[in-house]
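Chemist: Chains A and B, in that order, are what the protein sequence lines are.
First residue of the first sequence? That's 1 in UniProt numbering, and the numbers climb one at a time after it.
First residue of the second sequence? That's 1 in UniProt numbering, and the numbers climb one at a time after it.
No lab work stands behind these hints: they were computed from the structure.
No experiment lies behind these values; they were computed from the predicted model shown.
Think of the CB as a built atom: it goes at the ideal place given N, C-alpha and C, for glycine as much as any other residue.
Any given hint could be a false lead.
As the list claims (entries may be wrong) - The following label-pair restraints were derived from C-beta to C-beta distances:
id	chain 1	residue 1	chain 2	residue 2	range
1	B	Pro63	A	Leu119	52 to 62 Å
2	A	Ala101	B	Ser152	38 to 48 Å
3	A	Thr242	B	Pro63	20 to 30 Å
4	A	Glu246	B	Ala162	46 to 56 Å
5	B	Asn292	A	Trp50	47 to 57 Å
Claimed, not checked - In silico BS3-like cross-links for lysine-lysine, where the CA-CA straight-line distance does not exceed 30 Å:
id	chain 1	residue 1	chain 2	residue 2
6	B	Lys103	A	Lys280
7	B	Lys101	A	Lys280
8	A	Lys280	A	Lys181
9	A	Lys220	A	Lys39
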Amino acid sequence: MIRGTNRFVDWTIYLILTLVAFVSIAPIVNTLAISFSGKIPAMSGQVFFWPVEFNLSAYESILSDRDFFVAFGVSIQRVLLGGAINFIITVLMAYPLSKPARMFPGRNAYMWFVIFCMLFSGGLIPWYMTIYSLGLLDTIWALVLPTAVPIFNVILLMNFFRGIPKELEEAANIDGAGPWKTLFVVFLPISLPSLATVTLFSIVGHWNAFFDGMILMQHKENWPLQTYIQQLIISVNSIMNTTDPEEIRRLTNMSSQLLNSAKVMVSMVPILLIYPFLQKYFVSGIVLGAVKE
Amino acid sequence: MKNRAFIGHYHLMLLPGIALLLVFSVIPMLGIVIAFQDFQPTLGIFRSDWVGWDNFRYMFSLPDSRLIFVNTLVIASLKIVFGMLVPFVFALLLHEVIHIKFKRIVQTVVYLPHFMSWVILSGILINMLSLEGIVNQIVGLFGGEPILFLQSNSWFRGVLVASDVWKEFGFNTIIYIAALTGINPNLYEAAAIDGANRFQRLIYITIPGLLPTIILLATLSLGNVLNAGFEQILNLYNPIVYQSGDIIDTYVYRAGLQEVQYGLATAVGLLKSVVSFLLIAVSYTLAARFANYRIF
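Please build the complete structure, drawing on both the sequences and the hints.
Modeler: Okay, here's the thing in structure tokens:
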């Protein structure tokens with residue numbers, strides 16, 4: 001595209017974009033700086049974007065915090081188990097649903113059912129009662145089974161499967177491949193970017209979920225990491241019934257700010273580790289799901 | 001033909017997913033009968049007393065009901081407006097950038113908060129907005145008095161909208177960028193030959209090119225006017241700001257799971273589910289008719 005020659009406009013645009021990017025990342029950088037600072041500067045608000053009185057004491061004390069590691073373990077377990085279940089269900093549902101109704105009568109009925117389940121819900125209380133009645137409270141299954149069918153991912157992968165030329169499948173069928181073999185030998189290998197997209201979505205979803213852990217896990221040792229952090233940091237704010245600054249200071253327990261910042265940073269690490277992959281795949285995934293014509 | 005033998009396998013492939021949906025989506029849907037009962041967990045839905053529309057009548061008699069409904073609508077609408085506007089402007093600015101590397105870095109940075117949970121972001125926000133936090137330090141530099149952002153009914157909605165935009169604007173930019181790359185470059189060349197300046201090209205080519213996307217997003221957002229952001233508000237609010245920040249979902253959570261008024265909470269939740277479902281159905285129908293949008 002042809003650019004304007006107006007330097008001033010160009011510089012203004014670059015400046016605004018740089019500022020916006022900086023503001024987006026500033027809260028995270030600030031938290032990072034606090035987590036590496038000394039206790040006094042962290043408590044008294046002297047830290048901006050660089051650690052003051054640099055030290056690692058907050059991270060050292062995490063190392064001896066058993067609850068944190070237990071919660072981290074539950075989260076890892078949930079991501080692996082939940083991610084695997086999501087993957088299997090997504091692949092197995094997307095393939096038959098990608099068939100046109102004339103090849104698979106009943107396809108549209110299934111589709112409407114799935115869409116209905118995505119758009120309508122019984123609400124929180126009946127959902128909780130169902131899981132309670134099934135005896136799943138305080139088990140890992142409560143975190144992975146109710147979320148086992150990621151409908152958005154199914155639709156995304158289904159749309160991708162529909163774009164695969166029919167000739168490929170026909171050729172496989174002529175060679176004697178049944179539906180299972182066609183799915184695993186023909187469809188999956190050429191769908192790797194889409195599979196990566198839906199898998200990353202489901203990993204991020206499982207890692208970030210806190211609410212189910214909060215209401216379905218009554219015992220602390222079953223909390224996933226996000227629930228643990230929620231209970232540790234957030235719940236103090238959510239019961240605070242005062243506007244008296246001294247009272248607020250007392251309740252928020254400023255001295256834990258340093259440690260909390262370090263915990264927040266550590267819980268971000270897994271997302272940051274997969275972030276390069278996320279960035280590579282999700283753009284195509286979103287576009288596939290959102291602006292399909 | 002051979003296809004007939006395949007159909008049984010197709011049903012088989014769908015079986016696990018459909019079974020899980022039956023258990024975890026359909027059974028809870030049937031559980032909405034709780035809204036018409038004086039539900040006691042020890043008795044279950046089969047032996048609890050039926051009370052007809054009492055829970056709904058009670059709901060409408062509560063002064064809180066109007067409040068949470070208004071809060072939900074106002075917060076959700078503000079988020080929809082700013083959630084569309086900011087990414088739109090941002091995408092237009094980004095579109096003007098020639099240096100690919102600069103563009104990539106900016107995108108990488110602004111997408112990041114989307115992938116963080118509201119627990120993490122709220123932890124950061126609570127810290128930042130506290131009396132000793134960085135925001136109040138900056139306010140102090142300009143000579144202002146420290147502000148209790150999360151304990152103030154005049155600030156709380158602003159914090160909600162701003163932090164929601166912070167989390168999502170980068171990600172929402174993607175859709176506009178995709179639409180921008182779809183604009184025919186010849187149009188720009190032709191306009192430049194005809195002597196159109198940068199601003200004129202923006203007004204006569206870029207914005208009309210984005211219009212279908214904007215209309216589509218606006219239509220689909222209709223389905224979200226009752227979704228004010230449960231996870232965000234649950235993590236940021238406190239009793240002081242219930243007046244400006246308590247929404248349907250947080251109310252259902254408190255009434256149902258903390259105060260064990262199951263019937264009432266289910267009734268409120270049911271009302272929301274039904275209205276939301278109707279809104280989504282309307283928005284999809286409109287989008288299908290006018291923007292040729294198909295989700296499947």
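Chemist: Next, verify each hint and record whether it holds.
Modeler: Structure-based check of each hint:
1. B:Pro63 - A:Leu119: 52 to 62 Å: violated, 31 Å
2. A:Ala101 - B:Ser152: 38 to 48 Å: Violated, since Ala101 of chain A and Ser152 of chain B (Cβ atoms, about 56 Å apart) do not stay within the stated range.
3. A:Thr242 - B:Pro63: 20 to 30 Å: holds, 23 Å
4. A:Glu246 - B:Ala162: 46 to 56 Å: For Glu246 of chain A and Ala162 of chain B the Cβ distance comes to about 27 Å; the hint is violated.
5. B:Asn292 - A:Trp50: 47 to 57 Å: Holds, since Asn292 of chain B and Trp50 of chain A (Cβ atoms, about 52 Å apart) stay within the stated range.
6. B:Lys103 - A:Lys280: The hint holds at about 15 Å.
7. B:Lys101 - A:Lys280: Status holds; Cα separation ~15 Å.
8. A:Lys280 - A:Lys181: Cα-Cα ~29 Å, so holds.
9. A:Lys220 - A:Lys39: holds, 28 Å
In summary, the structure is inconsistent with hints 1, 2 and 4 from the numbered list given earlier, while agreeing with the others.
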